[in-house]
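Quick mapping for you: the protein sequence lines, in order, are chains A and B.
Residues in the first sequence are numbered consecutively from 2, following this note's numbering.
Residues in the second sequence are numbered consecutively from 2, following this note's numbering.
Accuracy of the hints is not assured; some may be wrong.
When chains are identical, the list treats them as one kind, so a pair holds in a single copy or across two.
In the BS3-like style, the derived pairs of lysine-lysine whose C-alpha atoms are separated by at most 27 Å in a straight line are [as the list claims (entries may be wrong)]:
(1) Lys277 / Lys104
(2) Lys89 / Lys298
(3) Lys168 / Lys89
(4) Lys104 / Lys9
(5) Lys298 / Lys104
(6) Lys106 / Lys297
(7) Lys272 / Lys168
(8) Lys106 / Lys231
(9) Lys89 / Lys104
(10) Lys272 / Lys297
(11) Lys297 / Lys277
(12) Lys9 / Lys106
(13) Lys298 / Lys106
(14) Lys30 / Lys231
(15) Lys57 / Lys272
(16) Lys272 / Lys106
(17) Lys30 / Lys297
(18) Lys104 / Lys231
(19) Lys297 / Lys104
(20) Lys9 / Lys168
(21) Lys277 / Lys106
(22) Lys30 / Lys298
(23) Lys9 / Lys277
(24) Lys277 / Lys89
Just so you know, these hints were derived from the structure itself, not from any lab.
Remember, it's a predicted structure, so these values are computed and weren't measured experimentally.
Number of protein chains: 2
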Amino acid sequence: MIKVFGHKSPDTDSTGSPIIWAWYLSEVKGTPAKAVLLGEPNTEALYVLNRWGLEKPEIIADVSADDTCVIVDTNNPAELPPSVNDAKVLEVIDHHLLTGGIKTKTPINVTIRPLACTATIMHDLMGDATDRMPDAIRGAMLSCILSDTLEFRSPTTTDHDRDLALKLAAQLGIDIPSYAAEMFEAKSDISAFGDAELLRMDSKEYEVAGTQFRVSVLETTAPRLVLDRKDSLMATMPAVAAEDGAHQVLLFVVDILREEATLLVPNELVKTIAEKSFGVPVTGDTVVLPGIMSRKKQIIPALTL
Amino acid sequence: MIKVFGHKSPDTDSTGSPIIWAWYLSEVKGTPAKAVLLGEPNTEALYVLNRWGLEKPEIIADVSADDTCVIVDTNNPAELPPSVNDAKVLEVIDHHLLTGGIKTKTPINVTIRPLACTATIMHDLMGDATDRMPDAIRGAMLSCILSDTLEFRSPTTTDHDRDLALKLAAQLGIDIPSYAAEMFEAKSDISAFGDAELLRMDSKEYEVAGTQFRVSVLETTAPRLVLDRKDSLMATMPAVAAEDGAHQVLLFVVDILREEATLLVPNELVKTIAEKSFGVPVTGDTVVLPGIMSRKKQIIPALTL
Numbered sequence: 002m003i004k005v006f007g008h009k010s011p012d013t014d015s016t017g018s019p020i021i022w023a024w025y026l027s028e029v030k031g032t033p034a035k036a037v038l039l040g041e042p043n044t045e046a047l048y049v050l051n052r053w054g055l056e057k058p059e060i061i062a063d064v065s066a067d068d069t070c071v072i073v074d075t076n077n078p079a080e081l082p083p084s085v086n087d088a089k090v091l092e093v094i095d096h097h098l099l100t101g102g103i104k105t106k107t108p109i110n111v112t113i114r115p116l117a118c119t120a121t122i123m124h125d126l127m128g129d130a131t132d133r134m135p136d137a138i139r140g141a142m143l144s145c146i147l148s149d150t151l152e153f154r155s156p157t158t159t160d161h162d163r164d165l166a167l168k169l170a171a172q173l174g175i176d177i178p179s180y181a182a183e184m185f186e187a188k189s190d191i192s193a194f195g196d197a198e199l200l201r202m203d204s205k206e207y208e209v210a211g212t213q214f215r216v217s218v219l220e221t222t223a224p225r226l227v228l229d230r231k232d233s234l235m236a237t238m239p240a241v242a243a244e245d246g247a248h249q250v251l252l253f254v255v256d257i258l259r260e261e262a263t264l265l266v267p268n269e270l271v272k273t274i275a276e277k278s279f280g281v282p283v284t285g286d287t288v289v290l291p292g293i294m295s296r297k298k299q300i301i302p303a304l305t306l
Numbered sequence: 002m003i004k005v006f007g008h009k010s011p012d013t014d015s016t017g018s019p020i021i022w023a024w025y026l027s028e029v030k031g032t033p034a035k036a037v038l039l040g041e042p043n044t045e046a047l048y049v050l051n052r053w054g055l056e057k058p059e060i061i062a063d064v065s066a067d068d069t070c071v072i073v074d075t076n077n078p079a080e081l082p083p084s085v086n087d088a089k090v091l092e093v094i095d096h097h098l099l100t101g102g103i104k105t106k107t108p109i110n111v112t113i114r115p116l117a118c119t120a121t122i123m124h125d126l127m128g129d130a131t132d133r134m135p136d137a138i139r140g141a142m143l144s145c146i147l148s149d150t151l152e153f154r155s156p157t158t159t160d161h162d163r164d165l166a167l168k169l170a171a172q173l174g175i176d177i178p179s180y181a182a183e184m185f186e187a188k189s190d191i192s193a194f195g196d197a198e199l200l201r202m203d204s205k206e207y208e209v210a211g212t213q214f215r216v217s218v219l220e221t222t223a224p225r226l227v228l229d230r231k232d233s234l235m236a237t238m239p240a241v242a243a244e245d246g247a248h249q250v251l252l253f254v255v256d257i258l259r260e261e262a263t264l265l266v267p268n269e270l271v272k273t274i275a276e277k278s279f280g281v282p283v284t285g286d287t288v289v290l291p292g293i294m295s296r297k298k299q300i301i302p303a304l305t306l
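Isolated chain A (complex conformation):
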């Protein structure tokens, strides 16, 4: 049984894409496969699973040399099971920058495209088999695109992602604005999470000038719920960074509706990063970055020290 998984902080794309690809491998290609998760899905992903009647995939801690795997929505070993390079990786489908970490013993299929969403790439790879997708798989695909594009607001959005989402929504009879609003509402409910959980919820390790950062993003339609907790979030940053082998956590609170990010500024280091990377003056312990919505397209390429 092939295990299909995304990264360790399962958002909607990293939860939905494994389900989509496992369906394709099992039902179309005839190679039994199942989606698994490397962590608890976020509240938006849980909402999507529930909305489309999809079972929550099993959460696994690691893989072994006996496992055959397909990796989706990441190519970064830091976001994958510790033993991923021991397993037999069959394929990688992703839309992130190359981190240069996955090694294989034989040539495999790798498809990385600068699209907003892994599920869009899967649609392209499936060809005519997309006609056979049941509604739940179609719904997962639509949800992945709406999530990763923040309903087409993110600058990562391509015409191709948008056209596919519109087509899927029409096929499913879904009204995109109201469905996306429900998804984002689910994601914005952070009441159940502690500060450390919030800092790690949607977080990627990234090195800037030799220093390791945890670049965390919280996309929300209710930024006040996060910013009201900024003091305790900042107080928790040193412990989270130390535990995860990073020097500093950078938390960007993305306001989906106002299309801007607020960066928490706990110290001089982050102040310097904010000023150098985004050309903004910083006075207090937060700074608003107008138009910044995408870690991949706007934050990571800009980060400098």
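Here the structure of chain A is known, so what remains is to put chain B in place on it, guided by the hints.
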């Protein structure tokens, strides 16, 4: 002007594929591109260029941060310009195992497929634009496939590579057996090369149990021409290994027609590798490995210490 290049030891695929893709980018996509080489093409590649009236691409030593590039037929930084990670890499098209070395600042197109030949992947990516390929580009594509599959003898050959080669040959009015024989004859003429050049001609760095090897392959229809020089080749191995930062050179002389490889065995280390990796007893300073033709599919996955 986008620079399209393959690896540092340009064989037919690594010479032809950049030419094919530069044609596609320039003539179909409207993004000016040119093929360049990272070294002198081998005698087969020179024969192919001449046969199809293609200009020999410029040889470059490095790239800079000002360059935009497409990398084909490798994903291994050791086989690429020293400053490749400074340049703007737009795309990678390859059919080798993942070495995990290329890093990018933003998501790019990566297409790796377990096919015999990079040119076959390019054909798939081009879609209907293949109808517009001039004969010289078609000829380069056919030559890449015949070279990488050793005229369909190599176990790397897939039905997809074979079908495409047959189609191209029919379109061009080429008789595959006689054309392939001319290509292999060109490759087998090693008279102009010194021992160090032969050891580096088609060579890849590979680590086995923490030790770095230069895994060199010479594909030939006249193995005697190489084996007659085995003493001086073995005597040259230590200097080549030392200069290239490897511990040992492994030279596999692949007899295309007999479909077997002869490994030179200069010392106890290589004797152990041969016995452990291929399960053959070794007595003299060479050992014949029946059926072994592909470094990628047979040699690299088997190597053990």
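Hints and how they fare:
{"no.": "1", "hint": "Lys277 / Lys104", "verdict": "between (34 Å within a copy, 23 Å between copies)"}
{"no.": "2", "hint": "Lys89 / Lys298", "verdict": "between (31 Å within a copy, 15 Å between copies)"}
{"no.": "3", "hint": "Lys168 / Lys89", "verdict": "neither (35 Å within a copy, 34 Å between copies)"}
{"no.": "4", "hint": "Lys104 / Lys9", "verdict": "both (19 Å within a copy, 20 Å between copies)"}
{"no.": "5", "hint": "Lys298 / Lys104", "verdict": "both (25 Å within a copy, 15 Å between copies)"}
{"no.": "6", "hint": "Lys106 / Lys297", "verdict": "between (29 Å within a copy, 9 Å between copies)"}
{"no.": "7", "hint": "Lys272 / Lys168", "verdict": "neither (44 Å within a copy, 61 Å between copies)"}
{"no.": "8", "hint": "Lys106 / Lys231", "verdict": "neither (46 Å within a copy, 29 Å between copies)"}
{"no.": "9", "hint": "Lys89 / Lys104", "verdict": "both (10 Å within a copy, 22 Å between copies)"}
{"no.": "10", "hint": "Lys272 / Lys297", "verdict": "within (21 Å within a copy, 49 Å between copies)"}
{"no.": "11", "hint": "Lys297 / Lys277", "verdict": "within (18 Å within a copy, 45 Å between copies)"}
{"no.": "12", "hint": "Lys9 / Lys106", "verdict": "both (24 Å within a copy, 21 Å between copies)"}
{"no.": "13", "hint": "Lys298 / Lys106", "verdict": "between (31 Å within a copy, 9 Å between copies)"}
{"no.": "14", "hint": "Lys30 / Lys231", "verdict": "neither (48 Å within a copy, 49 Å between copies)"}
{"no.": "15", "hint": "Lys57 / Lys272", "verdict": "neither (40 Å within a copy, 53 Å between copies)"}
{"no.": "16", "hint": "Lys272 / Lys106", "verdict": "between (44 Å within a copy, 22 Å between copies)"}
{"no.": "17", "hint": "Lys30 / Lys297", "verdict": "between (32 Å within a copy, 26 Å between copies)"}
{"no.": "18", "hint": "Lys104 / Lys231", "verdict": "neither (40 Å within a copy, 34 Å between copies)"}
{"no.": "19", "hint": "Lys297 / Lys104", "verdict": "both (23 Å within a copy, 14 Å between copies)"}
{"no.": "20", "hint": "Lys9 / Lys168", "verdict": "neither (30 Å within a copy, 45 Å between copies)"}
{"no.": "21", "hint": "Lys277 / Lys106", "verdict": "between (41 Å within a copy, 17 Å between copies)"}
{"no.": "22", "hint": "Lys30 / Lys298", "verdict": "between (34 Å within a copy, 24 Å between copies)"}
{"no.": "23", "hint": "Lys9 / Lys277", "verdict": "neither (30 Å within a copy, 38 Å between copies)"}
{"no.": "24", "hint": "Lys277 / Lys89", "verdict": "between (42 Å within a copy, 22 Å between copies)"}
This entry does not satisfy hints 3, 7, 8, 14, 15, 18, 20 and 23, going by the numbered hints stated previously.
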